[in-house]
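Student: So the chains spell out like this:
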Amino acid sequence: MANLQIKNIGKSYGKIEVLKGINLEISKGEFIVFVGPSGCGKSTLLRMIAGLEEISDGTLEIDDVEMNDVPPAQRGIAMVFQSYALYPHMSVRDNMAFAMKIAKKSKQEIEETTNKVAKILQLEDYLERLPKELSGGQRQRVAIGRAIVRDPKIFLFDEPLSNLDAALRVATRIEIAQLKKQMPNSTMIYVTHDQVEAMTLADRIVVLANKGISQVGSPLELYDHPRNEFVATFIGSPAMNLFAGTISKTGSKTTIKLDSGNEAIIDVASNKEDLGKKAKLGIRPEDFKLGSEKDHVVKSNIRFVEALGEVTLLHLEPLNDDLCIVVKLSGDFKFENGQEIFLKAKTEKMHLFDDKQLSYYWRK
Amino acid sequence: MAKMAGTRSTLSLVVNISTLLLVIIWVIPTLGLLISSFRDKDQLANTGWWTSLTNAERNFIARSIAPEEQIKQGDLYILSGNIFEPNSGEVLVFGFKSQQPVAFKAGEVAQMKNEQLMSVSINGDYRISSKEPFTGSRGKRIFYRAIDPPKFTLDNYKEVLFARGLGRSFINTVAVTIPSTIIPILVAAFAAYALAWMKFPFRMLLLATIVGLLVVPLQISLIPLLKMYTNLGIGKSYFSIWLAHTGFGLPLAIYLLYNYISGLPREIIESARVDGASDFDIFVKIILPLSFPALASFAIFQFLWVWNDLLVATVFLGNNEQQLVMTGRLRELLGSYGGNWEILTASAFVSIVVPLLVFFSLQKYLVRGLLAGSVKGG
Numbered sequence: 000m001a002n003l004q005i006k007n008i009g010k011s012y013g014k015i016e017v018l019k020g021i022n023l024e025i026s027k028g029e030f031i032v033f034v035g036p037s038g039c040g041k042s043t044l045l046r047m048i049a050g051l052e053e054i055s056d057g058t059l060e061i062d063d064v065e066m067n068d069v070p071p072a073q074r075g076i077a078m079v080f081q082s083y084a085l086y087p088h089m090s091v092r093d094n095m096a097f098a099m100k101i102a103k104k105s106k107q108e109i110e111e112t113t114n115k116v117a118k119i120l121q122l123e124d125y126l127e128r129l130p131k132e133l134s135g136g137q138r139q140r141v142a143i144g145r146a147i148v149r150d151p152k153i154f155l156f157d158e159p160l161s162n163l164d165a166a167l168r169v170a171t172r173i174e175i176a177q178l179k180k181q182m183p184n185s186t187m188i189y190v191t192h193d194q195v196e197a198m199t200l201a202d203r204i205v206v207l208a209n210k211g212i213s214q215v216g217s218p219l220e221l222y223d224h225p226r227n228e229f230v231a232t233f234i235g236s237p238a239m240n241l242f243a244g245t246i247s248k249t250g251s252k253t254t255i256k257l258d259s260g261n262e263a264i265i266d267v268a269s270n271k272e273d274l275g276k277k278a279k280l281g282i283r284p285e286d287f288k289l290g291s292e293k294d295h296v297v298k299s300n301i302r303f304v305e306a307l308g309e310v311t312l313l314h315l316e317p318l319n320d321d322l323c324i325v326v327k328l329s330g331d332f333k334f335e336n337g338q339e340i341f342l343k344a345k346t347e348k349m350h351l352f353d354d355k356q357l358s359y360y361w362r363k
Numbered sequence: 000m001a002k003m004a005g006t007r008s009t010l011s012l013v014v015n016i017s018t019l020l021l022v023i024i025w026v027i028p029t030l031g032l033l034i035s036s037f038r039d040k041d042q043l044a045n046t047g048w049w050t051s052l053t054n055a056e057r058n059f060i061a062r063s064i065a066p067e068e069q070i071k072q073g074d075l076y077i078l079s080g081n082i083f084e085p086n087s088g089e090v091l092v093f094g095f096k097s098q099q100p101v102a103f104k105a106g107e108v109a110q111m112k113n114e115q116l117m118s119v120s121i122n123g124d125y126r127i128s129s130k131e132p133f134t135g136s137r138g139k140r141i142f143y144r145a146i147d148p149p150k151f152t153l154d155n156y157k158e159v160l161f162a163r164g165l166g167r168s169f170i171n172t173v174a175v176t177i178p179s180t181i182i183p184i185l186v187a188a189f190a191a192y193a194l195a196w197m198k199f200p201f202r203m204l205l206l207a208t209i210v211g212l213l214v215v216p217l218q219i220s221l222i223p224l225l226k227m228y229t230n231l232g233i234g235k236s237y238f239s240i241w242l243a244h245t246g247f248g249l250p251l252a253i254y255l256l257y258n259y260i261s262g263l264p265r266e267i268i269e270s271a272r273v274d275g276a277s278d279f280d281i282f283v284k285i286i287l288p289l290s291f292p293a294l295a296s297f298a299i300f301q302f303l304w305v306w307n308d309l310l311v312a313t314v315f316l317g318n319n320e321q322q323l324v325m326t327g328r329l330r331e332l333l334g335s336y337g338g339n340w341e342i343l344t345a346s347a348f349v350s351i352v353v354p355l356l357v358f359f360s361l362q363k364y365l366v367r368g369l370l371a372g373s374v375k376g377g
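Chains as they are written, first to last, in numbering that gives the first Met the number 0: chain C, 0 to 363; chain B, 0 to 377.
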């Protein structure tokens, strides 16, 4: 059953269009993450769901009720902001009780709920403190607590971890994941620009770019089969390497002749009409394997080496454009700068994109 | 680094010295006023306040007992007594003529006309003898110089507050000032919130108009306003002056509070909105408590301005006992008692004591309020 339905939603500020034609269905209990480069409108989309931004176009339905003109408080949502947005003059207890006090709940109910939530979030010892007397992680927990207290159908998180330092970010991320397990029936929508957060937390990731949705799918689906070049380079770090070439053979497997002269066979089907078309071969840095002179797809010289212990990152001279080729080999290797290196990859680990930057895998 | 540290300490030295100078420039006259207002009025007229704690020599005039109380001792008629009565003191020199008030040392015998003799001892005992009986109704004048110990008294305050009507004026001023401070703050806080966070047409135009009103001198509106009040039938009254001060204070109040309130983090307000708070809830439960520094700093401005105002009070209030404010009363006192320092210093201090109290109790908010918005988060 769809918990949240976004139908053809668009947003413009005056003449500037930020989002258009967004369609998305989110079922009850899903953990959805919106990712995308800054300025792609992911926070705007979240704020439209929250009711903090007007919807310029299309409809938003929660539990099959149109919500376009319903004020935020009556949408059954709760929001956690990037800057915590705690009420600085109220104690932790009052912060969490604020919504219930506004809703005129009984004192006993307020007391019980705040205590219960404080226990879940391990905030019992801090209930009488003011936000300024808490650490960043504790503040974010209070903000989450304030959302839980409202018992919403949908939780909205707007980059909740980006104000925290690296160690705390990992810890809080795990707390959020555990929280989701404790509340399997709550839908959560989470905005981030950090793909590690997206990959670890999400049931499904929504990649936003160019005013619309680039791809929706489970984290591994996005990683293994990106729909287009943007998703391919956006998901995964370091980004996927792309090599320009021309389709030289079609069929159930496709062969591409790279501009550098090498050929590669890729495990996707293509039509006869594709023959001779411009295309791009994509290989993730971690999918490269060392090859030989006879058996290689890419040949280049090492520009510099980053030895990280568990992996070795090689930055190679670019073949045809200005972007370095990045190779990630697990283990420790002895390489010298300037050394020539031969690389290959498994056919199923290679990606092929057409001249419209779309993946051959997803074509019909 | 060492050089940088050097410049910094020089700079802070300059800052500290300037601060010290400013403090001295401000404190010394205030202290002088305070001390003077407690001094005896005769001492105040003769010596400066900085000598108030030391003994001073001063010339006095005393009169002997009247001739009808004279005693006949042998063939001499005597007038005797003590010039300090009922107190005590120490005579340094004395004389019997106003031209020569200090001609004789205490203990000497002065030869007066008609073979009369006058002697004044150090403890103030005097004796005037004559072969003829003394005539007339008043005693002889005795000029002397004596040590005058410092005297402090509340009489000056008693006089200005109760005899000169300053007490009543104080109450009138309070009656003008408090509503004239609270009403504009309340109105301005609502307006500032609406202008900052509520969406309605012509919002920016309205704000620009209000900012524009900041530069309109209030003098140009005094007469039209008074005419309007008279036509409306409120005329010269407390209500009319509250209204006038509210109007004159509002542009600055709205501008200051708008700047502060619009600088509050958007997320806090959105968060409250998601929590179900109405605009009124947000205003009362979130905005007002968070804006306290700005409210307090404007309260100080408005309070001081209204408290010290003479112009608006002269136009919108009458000159009678029930309506004359303290500035008006001070002006009157200055006219009638320009030479009476004890009255002027005491009344001046009565008029500055409340602003001083208000300033010192709210000054931390004044500083914070002035910095409002310059540093985010805070």
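Treat each hint with caution, since some may be false.
Straight line, CA to CA, 20 Å or less: simulated PhoX-like cross-link-like pairs of lysine-lysine [stated by the list, open to error]:
{"no.": "1", "chain 1": "B", "residue 1": "284", "chain 2": "C", "residue 2": "131"}
{"no.": "2", "chain 1": "B", "residue 1": "284", "chain 2": "C", "residue 2": "106"}
{"no.": "3", "chain 1": "C", "residue 1": "333", "chain 2": "C", "residue 2": "288"}
{"no.": "4", "chain 1": "B", "residue 1": "157", "chain 2": "C", "residue 2": "100"}
{"no.": "5", "chain 1": "C", "residue 1": "348", "chain 2": "C", "residue 2": "252"}
{"no.": "6", "chain 1": "B", "residue 1": "284", "chain 2": "C", "residue 2": "103"}
{"no.": "7", "chain 1": "C", "residue 1": "104", "chain 2": "B", "residue 2": "284"}
Hints in this document: simulated from the structure, not taken from any laboratory.
Student: Would you pick out the hints that fail for this structure and give their numbers low to high?
Tutor: 4
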